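2 protein chains.
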Amino acid sequence: MFKVTFLPEGKEIEVEGGTTLMEAAQSAGVHINNLCGGKGVCGRCRVKVANGRIRADKHSISLLSKEEILEGYVLACQTKADSDLEVLIPAESRLEEGQILMECSVDYSAPERIALHRLPSDPMCLYEPLTQKVYLELKKPSPEDNASDMDRITRELRKKTQYRDFEISLRCLQGLALKLRNNDWTATATLARHGDLRRILQIEPGDTTEKNYGLAVDVGTTTVVAQLIHLKSGNVLGVAGSHNLQARFGEDVISRMIYACGKEGGLHPLHQAIIENINHLIKSLSTEKGVNPLDITAVVASGNTTMSHMLLSLIPCSIRVDPYVPTANTYPQVRARELGIDIHPEGIVELVPGVASYVGGDIVAGIIACGMADRPEVRALIDVGTNGEIAVGNNEWMVCCSASAGPAFEGGGIKHGMRATRGAIEKLVISDGQVQYKSIGKGKVKGICGSGLIDVLYELARNYLIDGEGKFHFSPQDKRFVEKDGEIQFTLAPADETETGHEIVITQPDISHLIRSKGAVYAAIKSLMDYVGLKFEAIETFFVAGGFGSYLDIPKAVGIGLLPDIERARIQFVGNSSLMGARMCLLSTHTMERAAQIAKGTTNIELTNYQQFMDEYVAAMFLPHTDRRLFPSVNY
Amino acid sequence: MFKVTFLPEGKEIEVEGGTTLMEAAQSAGVHINNLCGGKGVCGRCRVKVANGRIRADKHSISLLSKEEILEGYVLACQTKADSDLEVLIPAESRLEEGQILMECSVDYSAPERIALHRLPSDPMCLYEPLTQKVYLELKKPSPEDNASDMDRITRELRKKTQYRDFEISLRCLQGLALKLRNNDWTATATLARHGDLRRILQIEPGDTTEKNYGLAVDVGTTTVVAQLIHLKSGNVLGVAGSHNLQARFGEDVISRMIYACGKEGGLHPLHQAIIENINHLIKSLSTEKGVNPLDITAVVASGNTTMSHMLLSLIPCSIRVDPYVPTANTYPQVRARELGIDIHPEGIVELVPGVASYVGGDIVAGIIACGMADRPEVRALIDVGTNGEIAVGNNEWMVCCSASAGPAFEGGGIKHGMRATRGAIEKLVISDGQVQYKSIGKGKVKGICGSGLIDVLYELARNYLIDGEGKFHFSPQDKRFVEKDGEIQFTLAPADETETGHEIVITQPDISHLIRSKGAVYAAIKSLMDYVGLKFEAIETFFVAGGFGSYLDIPKAVGIGLLPDIERARIQFVGNSSLMGARMCLLSTHTMERAAQIAKGTTNIELTNYQQFMDEYVAAMFLPHTDRRLFPSVNY
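The listed protein sequences correspond, in order, to chains A and B. Anchor point for the first sequence: position 500 equals 499 in numbering that gives the first Met the number 0, and the numbering is continuous, going up by one each time. Anchor point for the second sequence: position 234 equals 233 in numbering that gives the first Met the number 0, and the numbering is continuous, going up by one each time.
Be a bit skeptical, because a hint or two may be false.
Stated by the list, open to error - Rough simulated footprint, nothing fancy, chain B against chain A, three-plus residues with beta-carbon under 8 Å: (1) 147-159; (2) 183-197; (3) 316-327.
What the hints assert, rightly or not - Computed cross-link-like contacts, SDA-like style, restricted to lysine to any residue with a CA-CA straight-line distance of at most 20 Å: (4) Lys599/B <-> Ser141/A; (5) Lys262/A <-> Asn181/B; (6) Lys158/A <-> Thr208/A; (7) Lys158/B <-> Asp144/B; (8) Lys178/B <-> Cys316/A; (9) Lys139/A <-> Arg154/A; (10) Lys139/B <-> Arg319/A.
Don't read these hints as lab results, they were simulated from the structure. Computed from a predicted model, the values in this text were never measured in an experiment. Cβ coordinates follow ideal geometry from the N, Cα and C atoms, glycine included.
When you get a sec, could you build the whole thing from the sequences and use the hints?
What follows is the structure, encoded as C-alpha cells:
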C-alpha cells in the first residue's frame, strides 16, 4: 500500500501499487477534471507529480506539451502509483467548489424576464404548491360528536380546502391522538398531491403554515442549482449552486454512464454524488436563510434523463445503447427518506418527467418555463449543452430531438475551455486587431467559457483570421499567432493576465471542435423544422437556454451559424429555463400535471434514424454555413 | 436480583425483589391467565409457589379456597418475589398454545353455509383480489419503438387489465432495467389497489402468476385466526389459529388498554404481541402448505377497534374514556415492512374499517359476510363476545350498537369457564337428573366454554334447579349440589373425569354473571329495535356470530333469553363472520370499497346515552325475561 497525498488540499489516501492517480483521487474524494471517463484522450486530468515514483508510459504524457512533461506533468488517468506520492493538482485541473458565482455562472433570474401572456383562467396559473400546510381548529369531541380523530381532521380539511379525499401515512397516524389532545385540538396538516388524493405527510401542533418550504433543483450535468422557496407566498428566498460532484467520475454524461455501468455497484457513487450535491445546497440555503430543513416538505428536480436516473438510482445503462431506452420517462413520487435527502423525511421528491433518453425533464421544464405549450403560436426552444436539444410546437403539438453536440460550449474539449465560473472569459471583441475581453469575477483569468467561445469564433471570422472552414490565416509576423507543440494557437490573453501564468489561447483543433458543435445544433434545428414542414419564419419565438452564464451575444451566435438567422427580436435568451420550470411545477400541481401531459404528448425524432440530418450537419460545418442564403444578415 | 423459574415449562428470568410474579411471567414471555389486568379481582392468575420466599398479603390469597391456600396457591398479580423462586402454573391458569382445535374452537368453515342470494351483476361478486399478479410478454425495444421500460410495462398492463393508471415504487423501479433484459422481456407485475391507481409492488422475471397468496386474519381479543388463500383461484389453502398473545397483558380489551396507556411505551408490547401472533400463523401456514412467505402479497385483517389500533400501533387510550373517540375508524393501506409482518416487504396490509370505538371492523366484516347491506330485507347481526355488538339494517340503512356484556360467554369471570379449546365442555344436557356432556377433543375435561354455559343455564332452568332470578333451589340431600367456601356449587363433571382432579362446577355467582351477560345482549338487541321502530317480526334473519366454537344450540340460547324468541329458521349461526368478511374483502376490491361505505354509512347508537337501555337491561335479568310474553315458546 502506498500513501498518495493530493496538493494543495493535502488530502491523503492509501492505495495499492498500480492504482491510477485518477482512481486514487476518486477514492480520496478529490476532484480532477476529466472529460473522457479516464480513457486518456481528453487531456483534462493533467497533474504534477511533486514527489515519489510513478509507473508511466507514452499514454501518461500524451496530449502534454514538452514544457509540461519536463515540469513533471502526467495524465492522472494513465499514470499509476509505484511509491508514496505527492501529487499537485494544478488550477486548470481543479474545480473550485464554492467559488461558483451564482449571479454569473448560473442564470436563475433571467427566466423571470420572460413575459408569459397567460390568461388568469389558465390552470397553470393556479397557485397550488405540491405540498401545502393547512391550519385546523378542531371541534372537541363530545357525546354528540364522537367522530374519530382522523374523521375530525378530514371533515375540517374538506371545509378548508377544495379536496375530498385524504390519505394518511401510518407514521403520522400513530402519534395523532396525543398530539391533538396535548395541543387543544389545533393542528397543521401538511398535504401533498397524489393523484386524486391528498396525502397527509405530517400533523404538527398549532399553526405552522408559515413554515413550509420547497426546493426547486436543476440537476445539470455540470452544475446543480437549487432555489429555496417559501411555499405559502411562492417567494424565492435564495439560490445556491455547485458543480455536479459526479464530475469526478467523468465530465460528460456518457463517461458517467460508462462508469456507472462498468462494474457492479458503479451506479451507487454517482447516485450518492447527486444526493450529496443536493444536501449540500439544502444545508447552505437553510443555514443562510434561517430555515429548519425539516420544514422543507417538497423537492422538484429537473434534469436530463441520465441525471434523473442517477438521482433516483435507476439503472441508466440502456440509455446510451441503440435503441436508447431509459428505465422510465416519468418518475414516481418518492419520499425524501427513500433517497436520503435531508429535508422532512416524509417530504416528497418529484422529478419533472422527460420525453426520451436524450430529451429529458430539463427540456420539459424549459417548455413549461417558456409557456410553449400554452398558446397556438409555434415556438421553439434550443438548449445548448453537451447535447443540443430542440423542441418546437404549440398548445396542440410538440416535437423534439437532440443532437450530440459535445460539451464544447460548456468548455469541454477546448484547450482552455472552462465552465462559466470565476476567471472565465465570457465576452470578447477583436477590435483594431486587439483582443479585449471581459471575465467573470475579479482577478486573473483562467480560461474561456461558452459565451466567450461563441464570441471568439465570431470575432475571428469577422476579422478574417479564420476562413469559412475555420482554418487560421495569418501572416507569419502576426504575433498573436504562435506555433506550439505542432499546433497553431491564437492568443486570447497574455501570460501576465492569467492565473496559470501561461497564455490563454484558442487552437486550430478547438476551432474545428466548436464548428462541429455549432453545426450539430444548427443541423438539428434545421432537420426538425424540415421534419414538421415549417420554415423559420413560422416560428414566433426562439427561446435559447444553456449554460452560457448570464451573458449570450445573440447576434454573434447567429453570426457563427449556431442559431438561425431571423430577426433579433424573435430570439430570446432564457438562461436556466430548467430551474424555472422546476419551480413552476413545485408551485402548481396543475403545472406538474401539465408537464406529464407535455412529456407524454411530445414526439421525439431520433436524428440518427433521419437521413437528412447528416446532410444538414455536413452543410452546417462552415462559417456561418455552406449555404450563405440561410444567413443573409451575416456580413463577414 | 432473584431468579424465578416457571414450571412446568422451566422458563427462567432474573427480576428485582418486589417484582410481582405476573410481571416476572410477562417478562419471561410465560402466559398466566388474567382477566382484570392485574388488579387482583378476577382470581384467574392462581399459581403455586413450589419453592422460595414471597411477599404476600391478604390480596395475594383473596378469591382462593382454603385448600388452595394450604397447598401454596397465590394470585400471581398480587404476590412479589422475595428470593429465588419456583412457580408452578397450574393447568387452569395456563394457555395451551398450539392445542387450539381449529375445527372446533374457531369456526371458519361455517360461514360458507350462508347462502347469499346475490346477483352475478352485484359488484361484490366481482372477483378482484386486492393484489393481483399479471404476466407480461413485452415487445423488445427497437428503433421504431423505444418507449421506456416503464412505459412498455404500463402499455402491456393496460392491454391485459381494465386499469388505466399505475404507480410504481422506487425500489421496484430501481432494478427494473436489468430484470427485463436478463429475462427475455418476460415479467410478472404484482398490482395492488390504491384508490383509482394500481400500485406496482414488484416485478418478477418470468411467469409467477400462480404464486400469489393472501392472508385473511381475524384479530380477536381472545383468538387470532388466519386463512392462507391462493389469490389466483380464491381457494383457501389452510387455516390456523392461536390465542391472542396479548392475553399476558390482560384478558379483556379494557385491561389491555389500561396496560397500553398506563405508562410510556406501554403500547409497544401489545402491538408486538399481535404482530408476533400474525407472524407465527404465517410461518406455520406457509411451512405446512409449502408457500414462500415472500409470495404472500396482501393481508386483510379485521378486529374490533382496539385490536385494530394495537395492530397498527395507534394510541388506543381515548377509546375507553367518554366520549369514546378512536384515532381512526378507517385505516391507511400499509406496507408489510412498516409493521414487520413477515410477507413480501412491499406487500400491503389493510384493515376492515370500523364504525366507532365499540363497533369495529369485525362487525363490518360480519355485515359483509352476511350480505346484510346487499338486499332490501332488514336483517340483524348479533356478535356475542366481551362486547355484544348488534347491527340491524339493509341495503339502504344500517344502525348498530354495543353493550358491555362481559366475557362470560367466552368463559371469562366464570369459575371453570374457558375458551372453546381442548377439554372444554361445549354441549350439555340434564336428563333424568343426570348431567351428560360432550367436550372438545379427547381426554379429560378442563372447564366449560360459551356454548356449554348456555346449555347449563338452560338445562338448570328447564329442570327447575334454578328459579327465574337464577337462584339455586334444591333439596339438601341432592348430592349434585355442594357448599364450598361459602358458595353453593352445582357439579357438572365429577373429579375423576377432569384433568385437574377437582370437580368442574357452576356456582351461584357464575349464574348471576351469565344472566347479566345475556341480559345485556338481549337489552341491546331490544333497544336497537325500538330505536329504529321495528318489531322482531320485521327482521328477516338474525345472524349470530361469536366465539362459541363450532356448536351453538340456538333453541337453548333463545330459551335463556339471550336471543329473541322468533322462529328457529330465522336465526342463523354464522361462526366467525369476521374472518369470512376479511377474506371477502381480500378477494374483491369492490367488497373492500363497500366495507368502507358501510362503515361510514352505519349509525352508531351509544347505549350509555339511551335511557331505555337501562330499563331493558333490568327487565332482561331474569330467565328467560321478566316479560314472559316476549318468550312464548319457552315452556319451563
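Hint-by-hint comparison with the structure:
1. 147-159: holds (count 4)
2. 183-197: Contact hint for the region 183-197 of chain A vs chain B: holds, 3 residues under 8 Å.
3. 316-327: The restraint on the region 316-327 of chain A holds, since 9 of its residues have a Cβ under 8 Å from chain B and three suffice.
4. Lys599/B <-> Ser141/A: holds (19 Å)
5. Lys262/A <-> Asn181/B: holds (16 Å)
6. Lys158/A <-> Thr208/A: holds (17 Å)
7. Lys158/B <-> Asp144/B: Holds. Lys158/B to Asp144/B sits at ~17 Å (cutoff 20 Å).
8. Lys178/B <-> Cys316/A: holds (13 Å)
9. Lys139/A <-> Arg154/A: holds (13 Å)
10. Lys139/B <-> Arg319/A: holds (16 Å)
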